[in-house]
Every structure is written in structure tokens, then in C-alpha cells.
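Student: Residue numbers (the working numbering), protein chains in the order written: chain A, 1 to 91; chain B, 1 to 463.
Hints in this document: simulated from the structure, not taken from any laboratory.
We put the beta carbon where it would ideally sit given N, CA and C, even for glycine.
One thing to keep in mind: the hints can contain errors.
Simulated restraints on C-beta separations [what the hints assert, rightly or not]: (1) A:87 / B:31: 47 to 55 Å; (2) A:87 / B:45: 46 to 54 Å; (3) A:87 / B:343: 52 to 60 Å.
Sample of chain A residues lacking proximity to chain B, with all beta carbon distances greater than 12 Å (derived) [what the hints assert, rightly or not]: (4) 49; (5) 66; (6) 71; (7) 88; (8) 89.
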Amino acid sequence: MHSITPDRMPRSQQAISVLWPSFIIAIVASGAFFSAFDPRDLIPFNMDIDISPVATYSIGFFLFWLLAFLSSSGTLYFTISNCRFLKKQGH
Amino acid sequence: MATIEASPGEPVLYEAHKKIYPREVSGYFTRLRVISLLSLLGIYYITPLLQWDGRQAILFDLPARKFYLFGLTLWPQDFIYLAALLILAGLALFFFTALLGRVWCGYACPQTVWTEAYLWMERKIEGKHNQRMKLDKAPMSAAKFRIKAFKHTAWIAFSLWTGFTFVAYFTPIDELAAELLSLSLGPWETFWILFYSFATYGNAGFMREQVCKYMCPYARFQSAMFDSDTLIVAYHPERGEQRGSRRRGVEPAAVGLGDCIDCNVCVQVCPTGIDIRDGLQYECIACSACIDACDEIMDKMSYPRGLIRYTTENSAIGKRQKILRPRIMVYAAILLLLCGMLVTHVAQRVALELDVIRDRNTLYRETPEGLIENVYTLKILNMDSKPHRYTLRAEGIDGLRLVSDQSEIEVEAGSVYQIVVRLQADEFNLEERSVAVNFHLQAQDSNHLNATKEARFVGPGKS
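Kindly generate the complete structure, drawing on both the sequences and the hints.
Tutor: This is the structure in C-alpha cells:
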């Protein structure tokens, strides 16, 4: 009998299970972060950076997404490799 | 990628996706659903067009860091209201789920709303469900290509409109439209319009029920809010079984069958492709398409309606149905309490903020008259939607004098005003090296609009 384990998940669903939760977390995180910090205050002294607030928010959002993406991929990677390891050991 | 085999009866979570072609359906619940879906689509596309006091009525102005909700202007420090609103929305979802089951999924979820809109376009262009199936199976031809190209053009146009509307919640729609027409959209605005359009196109055109099945967290935990008195869509097995086909007008008992004629229409209309006769399933979004479909068949057979119906677990087994049960009352009580708190909080919200910064360059100085003087920078934030004149006073030390070049301060609507003031006090009245003083700011046209801020007054101290 084949049991259904994460390592047998189709790639598309693996991708969704990483991208989707991290997307939601990125929305929450950037909402909380940017309501506390004004992007204009984040530019260090004497640095003449001409960047629009919308660009800052967008880049911030993608950085949060990347961060959460890395964390979620780590979880998926370890889940899959642990599954394979346990299988090899005959579990 | 290895193919996935599963023994019979084992749940196959990772099966390959089969495209679902929901059959068209009509009836009472379908009409109710169409009304709900159209209203929600209408709200989404019309909201950014509404005006209020010469500006967009609902606008999340990110560059200016202000949220406009009709008469209310929210600042980043009011983020708590948005958080409260989200918590309220979550609780409302709990409440309605306990009471009415997955009405949210079937009637209001954006995934359902846009999927139905895209399905409607698909139906108009490709035809009924069996025509659509035939078209997909047919080899590519000029005719097929034309139909498909037309469908995708319609979908993409609708997606772009959706993406444009989405960005219009964050950038004033008239500016956005003008920029679009003059082809001078900013890079990020262009990006977000395309991003949102693509997400709509993908989710409503292709992913559809898979979003509910594989991506939706609510679908997974909604069962925790269910009890035996929650409204569900269910098949009546005692009445329906033994299912089987028969000619029209045949009395079921005469042929030893139940009322289900096994026509499979309930399966064909299901947008998630399940068989409701297998019992309650987490894929069921309670869209009630199978109720309308089955009722139509029952009418044709001259059997009573309601073989598939809205019911509760308790009433299905003949128990009395309780609407006002502890779970409902607890959810309702928390919901009402939070609503009340939010409303009173917003009503009592003072649209004024005062910030005081003591001049740090000098601790204090002595005036020619021999008074001790401290200098402060005041930041006045008028969060109201109209300008106000304010009177400033300070207290905390006997004979404290406030010296400012303005006797009253006028601050424009939604802006910050900075002013430097001096406080002077007689050394004899200073009990300690550092004494607390209070700045009071009072709007002249509204008693309600006032702010107080404490600051320190530093002197030489008692020797």
C-alpha cells in the first residue's frame, strides 16, 4: 500500500504550499512594518536616494515575501528529506 | 515525477487535476447567488469611483500614509482600527459559519465571485458544459482557436479591469486613468496592475476549485466551527436510496427504489466536482447548485422537492433544530462587544495629536528679566478633514509664562504644523532641577478636540 507523504506531492502543489503562505505572511508583515515606519524615515542621513514611497512599499513587500519564502521552503525541504530518510530506514 | 497510485478507498489528496466543467443550473438558490455575486462585483468596481468631499471616498493613500474611509481619515497611528476591523471580520466569519455553514464560500468569497464571472464568460463564448468538453477534446482547428482566443481576450480584458480597479484603491482613480490614457503610468503601478490581473486570470480562469481545495485555510478549519445545528447542504439518503433509474411517472416504492433516479445532474453541476450523495465533504463550498439541479429533476419526476436540501445534522435525523445555542450566543456576544468598542472608540477618537520636543542644545537660559527659559518644538498633527484654530497654554509651575509669536495656531486639514515656543518661570517657583509641565492644545471650534502632552522644564535647581 502506498501511503501519501509530502515527498510524493506534485511539484505544483509543493510550490503553492511554499509561495502561498509566505505571500499571506508578507502582506501582514509589510502592513505592520510600514504602519510603524515611514519609508522616508528609513533612508539614512545624507543619502540622496530618489525613490518613491510606492516603490519602497513594493520592494519591502517582496523582501518580506522572500524571507517568508525561505522559511517555508526550509520547512518543506526538511519535511521531504525526513520522509525519504525514514523510508530508507524502512519505516 | 512519479505517478501516484492509491489503493481503493484511500483518500487521494495529490491526484492529478481533472478539469471540471460545471453544468449550467437555474433555480431559487442560483438566483440568490447571482444577486449576491453581482452585488459584490458591483461594490468592488464602483467603490473607487465614489467621491466624498472632493476626493475619492475610499482611498488607501500609501504615499501620503493616509486612509480615507468616507468622512474618516485614518493615519498610521490608527492602524489599530484596521487590525480591529480584521479581527471583527474573522469573528463575523466564525459566527456566520456556526449559524449558516459555508455561506461565505458559496455566496461571497472573492474566489467564488470571480470564478463564477469567468465561468459565465466561458459559457457565453464556448457554450454549455458538454459543448465545452467537446471543444476541449477536439484537435486544434481554426474554429477552436478563434473561440479560445476570444475567450482569453475577454478574460484578459476583465482581468486588466480588475487589476486597474485594485490599484485604484491605492492611487486616485482619476490620476490613474489619466496616466493610463497618456501612457505615463509609473513602473510600480504598471507592475501591480499586471500582477493583480495575472492573479485574477489564473485564479478565476484556471485554478478555480483547486484554490478552495488546496490553498484555502478556511476550508480546512471551518469544520471546527460546525456543530449539529449548522446549516449544511445534504442529500437525504433514507429517501433517496436505493437509487436507480426508472421511467417517468413510476412510483418509487413500486419498483423497490428510493427517490434518487441516479441522473448524476447533482454531480455535473458541482463546481468542485464532488458527489453530494457521499455525505458532507470538505470540498463542498455550499454553493447549493445541486439543490436547484435536484429540485428541477424532482419536479420533472413529480416527486416532492428537497432530496438534496439545506438542512442541519440534527434535523436530518429528526431531532429538533436549535438556532440559539451557546456557541451562537457566545460568538454573537463577542462580536457585538467588539463592534460596540470599535464604534465608541472611533466616535471618541480625537483627530489631534501633539508632540513636544525639548530643545536639547541648551538646558535652560536666563532672560534679561532674570527668568529661567526653556525652548520647545511642538508638532501639531491635525488629523481632521477640516482646518482648525487652536489655543495653546502651558501649566505646571506657578506664574509659568508661555511665549510664542503666535497667539493662536492654525493647522490645515490633515497636516503637521511645527512651532517653536518658549516657557519662562521664576527660579523661586522651581521646586527641583527638572519639573513636569503640561502643554494643552484646544481647538477653538470644538471642545472635543484637545490634546495634552507632558514635558520637562529644566532649571538651575534649589541650592
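Student: Hint by hint, where does the structure go against what was stated? Just the numbers, ascending.
Tutor: Violated: none.
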